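Read in the working numbering, the sequence shown has 11 at position 11, and its numbers run on one by one without any break.
Treat the hints as calculated values from the structure; they're not laboratory data.
Please note that a few of the clues may not be correct.
What the hints assert, rightly or not - DSS-like cross-link-like pairs, simulated, lysine-lysine; straight-line CA separation at most 27 Å:
#	residue 1	residue 2
1	Lys87	Lys115
2	Lys85	Lys50
3	Lys87	Lys50
4	Lys115	Lys50
5	Lys104	Lys50
Unchecked claim - Here are the simulated distance ranges between beta carbons:
#	residue 1	residue 2	range
6	Met58	Tyr106	12 to 22 Å
7	Glu43	Asn123	32 to 42 Å
8	Leu48	Gly91	32 to 42 Å
9	Glu59	Lys87	13 to 23 Å
10	His82	Ala109	32 to 42 Å
11	Ser54	Ser100	26 to 36 Å
12	Ser113	Val92	13 to 23 Å
13	Asn123	Ser65	24 to 34 Å
14	Ser65	Gly91	29 to 39 Å
15	Gly70	Ala109	32 to 42 Å
16	Asn123	Glu64	26 to 36 Å
17	Thr72	Thr118	28 to 38 Å
Remember, it's a predicted structure, so these values are computed and weren't measured experimentally.
Cβ atoms here follow ideal geometry from the backbone N, Cα and C, with glycine treated the same way.
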Amino acid sequence: MSDVKATSDNVNDNNGFDKKQMEAKPETLLSRSSSETLKRQAEPEFVLVKDLISGELMELPTVESDNTLGLTTLTHAFPGSHGLKYKTDTGVTRALLLDSTGQKFYPPAGGWSGKTFTVIFNNAPSANPVPVVSESVIPKLRSNS
1 MSDVKATSDN
11 VNDNNGFDKK
21 QMEAKPETLL
31 SRSSSETLKR
41 QAEPEFVLVK
51 DLISGELMEL
61 PTVESDNTLG
71 LTTLTHAFPG
81 SHGLKYKTDT
91 GVTRALLLDS
101 TGQKFYPPAG
111 GWSGKTFTVI
121 FNNAPSANPV
131 PVVSESVIPK
141 LRSNS
């Protein structure tokens with residue numbers, strides 16, 4: 001009877017992986033669908049926000065850990081903004097709720113997707129602003145009389 005030595009080259013005792021597979025980077029061991037799933041879970045959800053004055057639409061990212069939208073994110077994208085509102089399925093306008101710190105918006109019932117949110121401004125800019133006339137350009141009629 002001949003003696004057979006077990007080596008890593010001829011024995012597969014690593015849970016179905018040979019030595020070369022074991023030396024591969026862990027990322028390469030993931031199947032394509034697994035890596036795509038992991039990538040999708042790491043990406044934030046995006047909230048569709050519209051400025052009614054300019055008509056601009058912008059997608060703003062949520063915070064991955066709790067799916068909220070930061071007020072800072074909104075104000076950087078739309079200076080002067082302080083809130084968001086949207087139309088419900090029944091046509092009623094509803095404002096979003098801020099957390100107790102006033103720093104982030106909770107997602108509405110049913111989540112962010114499928115809704116377009118409208119920016120609420122502190123002092124809503126008018127589409128056709130009324131020009132302000134300075135006193136210096138108004139003729140001083142009293143001094144001429």
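Hints versus structure:
1. For the hint linking Lys87 to Lys115, the alpha-carbon distance of about 8 Å falls within 27 Å, and the restraint holds.
2. Simply put, Lys85 and Lys50 have alpha-carbon atoms about 10 Å apart, close enough for the 27 Å limit, and the pair holds.
3. For the proposed pair Lys87 and Lys50, the alpha carbon gap of about 12 Å is at most 27 Å, so the pair holds.
4. Pair hint Lys115 plus Lys50 holds up; C-alpha atoms about 11 Å apart against a cutoff of 27 Å.
5. In summary, the hint linking Lys104 to Lys50 is supported, as the alpha carbons are separated by about 18 Å, within the 27 Å threshold.
6. With their beta carbons about 20 Å apart, Met58 and Tyr106 fall inside the hinted range of 12 to 22 Å.
7. Checked against the hint of 32 to 42 Å, the C-beta distance between Glu43 and Asn123 comes to roughly 35 Å, which is consistent with it.
8. At about 18 Å, the CB distance of Leu48 to Gly91 disagrees with the hint of 32 to 42 Å.
9. Glu59 and Lys87 have their C-beta atoms about 18 Å apart, which keeps the hinted 13 to 23 Å range intact.
10. Separation of His82 from Ala109 is about 22 Å and departs from the stated range, judged on CB atoms against 32 to 42 Å.
11. The given range of 26 to 36 Å is respected by Ser54 and Ser100, whose C-beta atoms sit roughly 32 Å from each other.
12. Taken as a hint, the range 13 to 23 Å holds for the pair Ser113 and Val92, whose Cβ atoms sit roughly 19 Å apart.
13. A C-beta distance of roughly 33 Å is found between Asn123 and Ser65, which places it inside the suggested range of 24 to 34 Å.
14. Checking the proposed 29 to 39 Å range against Ser65 and Gly91 shows it holds: the Cβ atoms sit about 33 Å from each other.
15. A hinted range of 32 to 42 Å is violated for the C-beta pair Gly70 and Ala109, which are about 20 Å apart.
16. A hinted range of 26 to 36 Å holds for the C-beta pair Asn123 and Glu64, which are about 33 Å apart.
17. For Thr72 and Thr118, the hinted distance range of 28 to 38 Å is not satisfied, since their beta carbons lie about 19 Å from each other.
Of the numbered hints listed earlier, those contradicted by the structure are 8, 10, 15, 17.
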